[in-house]
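Trainee: Starting from the known structure of chain A, arrange chain B on it as the hints suggest.
2 protein chains.
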Amino acid sequence: MNKGPLDGLRVIDLTRVLSGPFCTMILGDLGADIIKIEPPKGDPVRAQGTMTDGHSGYFAGFNRNKRSVVLNLYSDAGKSVLRRMLADADVLVENFRPGTLDKLGLTEAALKDMNPRLIVASINGYGSTGPYVDRPAFDFIAQAMSGFMGVNGEADGPPMRAAPPISDLVAGIYAAVGILGAVIGREKTGQGQTVEVAMVNGLLSLMAYISSEYFATQKVPQRTGNDHPLVYPYGLFRCADGQIAVANSHDQILQRFLDTLDLGWVMADPRYDTNSKRMAAREELRELIDSRMAGKSRDHWLQALNTAGVPCGIVQDLSQVVADPQIAAQDMVIETPWQDGPSLRVLGFPIKLGATPCTIRKPVPKLGGNTGNVLAELGYTPDEIAKLAEGGTVVLG
Amino acid sequence: MNKGPLDGLRVIDLTRVLSGPFCTMILGDLGADIIKIEPPKGDPVRAQGTMTDGHSGYFAGFNRNKRSVVLNLYSDAGKSVLRRMLADADVLVENFRPGTLDKLGLTEAALKDMNPRLIVASINGYGSTGPYVDRPAFDFIAQAMSGFMGVNGEADGPPMRAAPPISDLVAGIYAAVGILGAVIGREKTGQGQTVEVAMVNGLLSLMAYISSEYFATQKVPQRTGNDHPLVYPYGLFRCADGQIAVANSHDQILQRFLDTLDLGWVMADPRYDTNSKRMAAREELRELIDSRMAGKSRDHWLQALNTAGVPCGIVQDLSQVVADPQIAAQDMVIETPWQDGPSLRVLGFPIKLGATPCTIRKPVPKLGGNTGNVLAELGYTPDEIAKLAEGGTVVLG
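Chains as they are written, first to last, in this note's numbering: chain A, 171 to 567; chain B, 171 to 567.
The set of hints was computed from the structure by calculation and includes no laboratory data.
Some clues are possibly wrong.
Note that the list lumps identical chains together, so a pair holds whenever it fits in one copy or between two copies.
[Unchecked claim] Okay, derived cross-link-like pairs now, DSS-like style, lysine-lysine, Cα gap no bigger than 25 Å in a straight line:
{"#": "1", "residue 1": "Lys249", "residue 2": "Lys447"}
{"#": "2", "residue 1": "Lys358", "residue 2": "Lys389"}
{"#": "3", "residue 1": "Lys249", "residue 2": "Lys173"}
{"#": "4", "residue 1": "Lys211", "residue 2": "Lys532"}
{"#": "5", "residue 1": "Lys358", "residue 2": "Lys532"}
{"#": "6", "residue 1": "Lys389", "residue 2": "Lys173"}
{"#": "7", "residue 1": "Lys173", "residue 2": "Lys282"}
{"#": "8", "residue 1": "Lys557", "residue 2": "Lys249"}
{"#": "9", "residue 1": "Lys211", "residue 2": "Lys389"}
{"#": "10", "residue 1": "Lys249", "residue 2": "Lys536"}
{"#": "11", "residue 1": "Lys532", "residue 2": "Lys173"}
{"#": "12", "residue 1": "Lys536", "residue 2": "Lys211"}
{"#": "13", "residue 1": "Lys532", "residue 2": "Lys282"}
{"#": "14", "residue 1": "Lys536", "residue 2": "Lys557"}
{"#": "15", "residue 1": "Lys273", "residue 2": "Lys249"}
{"#": "16", "residue 1": "Lys532", "residue 2": "Lys466"}
{"#": "17", "residue 1": "Lys173", "residue 2": "Lys557"}
The following block holds chain A by itself, in its conformation from the complex:
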């Protein structure tokens, strides 16, 4: 098994729940050594979601390729163990509310003093400066506040959140970028630095081309459901056995689409020969298109349109996605073992590296399953470890 490009990068991971664990899982998938510090009760996600043999699939989905150490950070002895860990670590990642690290005695100055090479990454809701710094954050709220929800949904319906917690996850991926950037920068300066990503900022950054239109026109973008705001025909169309999504993003592709439907004449018809005429004649055109497509199956049209070079697909539910031969070919559903537990299905690796591919190098850790060996690596003797465990400072898994 290859070691991954981040082999040797030691990450002390104080995060829990979603955004932080997603960030450190990405780093772990790439070969970093993720030491997940958990309180005695564990990351709350260990107890969430449906259990398989007593094991949370939700936890498995965010915590493969990590080692778990249970450490009571609210005790002086626990803080001292953490400081010893940080002394030769490369990265510290946390997703507490701003200020929590300070309360643990880990101010920026103290951390720098302890280890000037340490990269200290924080993921939070709104950022650590500004009027909302003390507000509690949550994915749903970040979707609302960032402008993201406001543009999603039917034209005559309410703003619509995305069901996946994308503000957490996007912030987690951005934090991985920032951390790796800081690691590369450190090669030149010898110095670590802070990295911060706020969920609202990360999600707002995805409004890129919608925001540029707003900046240019001062017109607030409206919801348009599944239709393209500026182009027609585009969207979902009805076949004999269900709908198909078609993205006729420009005239050349639209011509191919219409040709495939034997409607090639439309683009030359004076009623429909510009996009604005087609936008105005949406209902007519929709009927025309639906009447053609309704005669044949989705599979027929998928085949014919893809062959013609028209971007199209079906709206798959998760059972279809998981059964999709392309998803299988891309290894996007894999199994991960748990330490002393069952193997569970999880999603695969979206980043494909040719020479040192992501792989499961470490199982999903049981709570505290690596406390002993991590402490031993730090130089603690078996006696010292036993004493820390007796005092409740650490828990051996």
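Mentor: What follows is chain B alone, placed relative to chain A:
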């Protein structure tokens, strides 16, 4: 001005439109030298969106911190200039359909031969292996095929896309992670490698906790609109002057929410004392809550609930986001100059680095605005450059 942690990293950028330019902009924001190779007509996005003084805001939003070189890759002379660029570059990024690089003579073997340290990153729709490899891809289609659309939208409504092109953008961020990982790995091996991210895979990876429930239960996840599938009260509630989003993610927060509304008794009432009872009594509870909240303004509740530690916010439209004091405090709306053009507003940097923050180091380039100086850096003499320009191999901006 600091140089950024990626200073000295030279990226040859063959990408256009969305996913690739977003990836390379992130790298450029962190200080990498992005050499954007454009065909004589330029990246099509230069002509898209509303123009300000003849300049596309859409293009500005994806192309600050880059240099533009116009190079005709379909000529032998153009290919030879590209090869000279690649000989001492660190990274090549492309978002063509799989196979296009091969057609340009840039097979994996040829590239390795040319420069074994080169990292070759590809962003595409479905990946470069598998049955769909030749299908054209597009954000809307990736949203449909990945399962993402299927979980978004009202319970009784159609599947709903997100309006921003998130499959492009998420793939772009992931590609940045993969590239930086490969750069770090190269420190140890001296060898570059390929990096690939497919839009469908990237978006599927965001289904993380939804997919783990599916894997554990085999139940296909359903759409639930803005409501939480498992928790109530949670969602949008009506105040005197509009709605407020509230995320009562667990009982402790719910108690704070109800206390703030003077409904603290609810949690102890035998009709509502478990989450399943509350789920069953949704309509009653919604009335109760709305009747309290309707008496006061959103600002009142925002203040009171945030103070109580309840995650809440309003569904902001873009004009509100841009005017939000928190967004201002986080510098999330900034100005970028164009080379020989106007300054335009664009979104700021979601990755905040303490020592070497992202900043605008290079303006949005005019088409071919850096052809001359990049060629000169490569060692071309003024005479040679003039000849290449005469023959149409390059265009000077």
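Trainee: For which of the previously enumerated hints does the structure constitute a violation, in increasing order of number?
Mentor: The structure breaks hints 1, 2, 3, 6, 9, 13, 16 and 17; every other hint is satisfied.
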